[in-house]
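Here are the chains, one letter per residue:
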Amino acid sequence: ETGVTQTPRHLVMGMTNKKSLKCEQHLGHNAMYWYKQSAKKPLELMFVYNFKEQTENNSVPSRFSPECPNSSHLFLHLHTLQPEDSALYLCASSRLQGGDTEAFFGQGTRLTVV
Amino acid sequence: SQQGEEDPQALSIQEGENATMNCSYKTSINNLQWYRQNSGRGLVHLILIRSNEREKHSGRLRVTLDTSKKSSSLLITASRAADTASYFCATQAPDYKLSFGAGTTVTVRA
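From first to last, the protein sequence lines are chains A and B.
Here the first sequence stands for residues 1 to 114, where the numbers follow my numbering.
Here the second sequence stands for residues 115 to 224, where the numbers follow my numbering.
Honestly, I wouldn't trust all of these hints.
Taking lysine-lysine pairs in the PhoX-like style, the calculated list, with each CA pair at most 20 Å apart, reads [unchecked claim]: (1) A:Lys41 <-> B:Lys170; (2) B:Lys140 <-> B:Lys211; (3) B:Lys140 <-> B:Lys184; (4) B:Lys184 <-> B:Lys211; (5) B:Lys211 <-> A:Lys52; (6) A:Lys36 <-> A:Lys19; (7) B:Lys184 <-> B:Lys170; (8) A:Lys36 <-> A:Lys22; (9) B:Lys211 <-> A:Lys36; (10) B:Lys140 <-> A:Lys41.
Label-pair distances were calculated between CB atoms; the ranges are [unchecked claim]: (11) B:Arg168 <-> A:Leu27: 27 to 33 Å; (12) A:Gly3 <-> B:Ala195: 26 to 32 Å; (13) A:Thr112 <-> B:Glu167: 18 to 24 Å; (14) B:Arg168 <-> A:Met15: 27 to 33 Å.
If you're looking for bench data, these hints aren't it; they were derived computationally from the structure.
Given the structure is predicted, the values throughout are model-derived calculations rather than measurements.
By construction, the Cβ of each residue, glycine as well, lies at the ideal position given by its N, Cα and C atoms.
Input sequences plus hints: build the corresponding full structure.
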């Protein structure tokens, strides 16, 4: 266990559904991230939150909507997704101070869009 | 944007052999990190090497960094079946952003 918990672990949703992914960490980290992992591709950084403020949005389509109510919780709201959005979605957290930062990852949510 | 690129994409070795994988990157970094991922699960941090370091060891892991060539290598000695996983390098830029490659899939045959 890395201290980062993601729920649900698996999610199947239709293209017209609305669902949310949840990530929680109690490591005292001040930065949280959403990554998308598709087969045979590098991890794609989607969003970064630093002290609850979004500092990065890597041209992610608006059908993905992040929310960070506090430094321990991060959500990814999903609506009208496409089949190509099927992937493993990974949440990570880190402590942003000093020169080095190690990311702690959750187990991921395997999303299938049908 | 992708920063690290691992090579080879896949590696199959016999238990007891050493496994070596490489990572190349493009821009300046604060440090380079290696992570491991078991099938369909999250990534686990293995080792971090700073830009002013050349070599680092942790148990059966040995990491080298050549900033002049913008490359790093990860060596796993005396491999075990439990080392079967995907291995990713990640570069940390001065803005703290971590960028990952596509990974090397290592299979250790018993």
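The hints, checked one at a time:
1. A:Lys41 <-> B:Lys170: violated, 27 Å
2. B:Lys140 <-> B:Lys211: holds, 14 Å
3. B:Lys140 <-> B:Lys184: Holds - the C-alpha atoms of Lys184 (chain B) and Lys140 (chain B) are around 7 Å apart, at most 20 Å.
4. B:Lys184 <-> B:Lys211: holds, 17 Å
5. B:Lys211 <-> A:Lys52: OK: Lys211 (chain B) and Lys52 (chain A) at ~16 Å, within 20 Å.
6. A:Lys36 <-> A:Lys19: Distance ~16 Å between Lys36 (chain A) and Lys19 (chain A) Cα, so the pair holds.
7. B:Lys184 <-> B:Lys170: holds, 16 Å
8. A:Lys36 <-> A:Lys22: holds, 14 Å
9. B:Lys211 <-> A:Lys36: holds, 15 Å
10. B:Lys140 <-> A:Lys41: It holds: about 17 Å lies between the C-alpha atoms, which stays within 20 Å.
11. B:Arg168 <-> A:Leu27: 27 to 33 Å: holds, 30 Å
12. A:Gly3 <-> B:Ala195: 26 to 32 Å: holds, 27 Å
13. A:Thr112 <-> B:Glu167: 18 to 24 Å: Taking Cβ atoms as reference, Thr112 (chain A) and Glu167 (chain B) lie about 42 Å apart, which means the hint is violated.
14. B:Arg168 <-> A:Met15: 27 to 33 Å: Violated, since Arg168 (chain B) and Met15 (chain A) (Cβ atoms, about 51 Å apart) do not stay within the stated range.
The structure does not agree with the numbered hints 1, 13 and 14 stated previously, though it agrees with the rest.
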